[in-house]
Amino acid sequence: MIEPSKDKRRGSGNTPAKAAFDPNGPVGRKLKSFYDVIETEPVPNRLLDLLEKLDEAERKANGGS
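Position 55 (the sequence shown) corresponds to 59 in this note's numbering; numbering is contiguous.
What the hints contain is simulated information worked out from the structure, not anything from laboratory work.
A quick note: this is a predicted structure, and the numbers were derived from the prediction, not measured.
A few of these clues could be false.
Claimed, not checked - Once the Cα atoms are required to be at most 20 Å apart in a straight line, the calculated SDA-like pairs of lysine to any residue come out as:
{"no.": "1", "residue 1": "36", "residue 2": "26"}
{"no.": "2", "residue 1": "36", "residue 2": "46"}
{"no.": "3", "residue 1": "64", "residue 2": "52"}
{"no.": "4", "residue 1": "36", "residue 2": "53"}
{"no.": "5", "residue 1": "57", "residue 2": "47"}
{"no.": "6", "residue 1": "64", "residue 2": "46"}
{"no.": "7", "residue 1": "64", "residue 2": "54"}
{"no.": "8", "residue 1": "34", "residue 2": "44"}
{"no.": "9", "residue 1": "57", "residue 2": "67"}
{"no.": "10", "residue 1": "34", "residue 2": "52"}
Please build the complete structure, drawing on both the sequences and the hints.
Structure follows, in structure tokens:
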């Protein structure tokens, strides 16, 4: 097994691993931009129909109306 400090595949080591997970770093900003676009999309009618069917099945299973 290669020790992480001696693994040449990990890059030069100039960037701490913590920076890779920085939510304000380049990766974090890109992920946020993707999420913001998805978040504004409407919920598909097919999914809404499936959720309604699930609610109806749960009401029937619980003896509700």
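Hint check results:
no.	hint	in the structure
1	36 <-> 26	holds (12 Å)
2	36 <-> 46	holds (18 Å)
3	64 <-> 52	holds (19 Å)
4	36 <-> 53	violated (29 Å)
5	57 <-> 47	holds (16 Å)
6	64 <-> 46	violated (29 Å)
7	64 <-> 54	holds (15 Å)
8	34 <-> 44	holds (16 Å)
9	57 <-> 67	holds (15 Å)
10	34 <-> 52	violated (29 Å)
Hint violations for this structure: numbers 4, 6, 10, all remaining hints satisfied.
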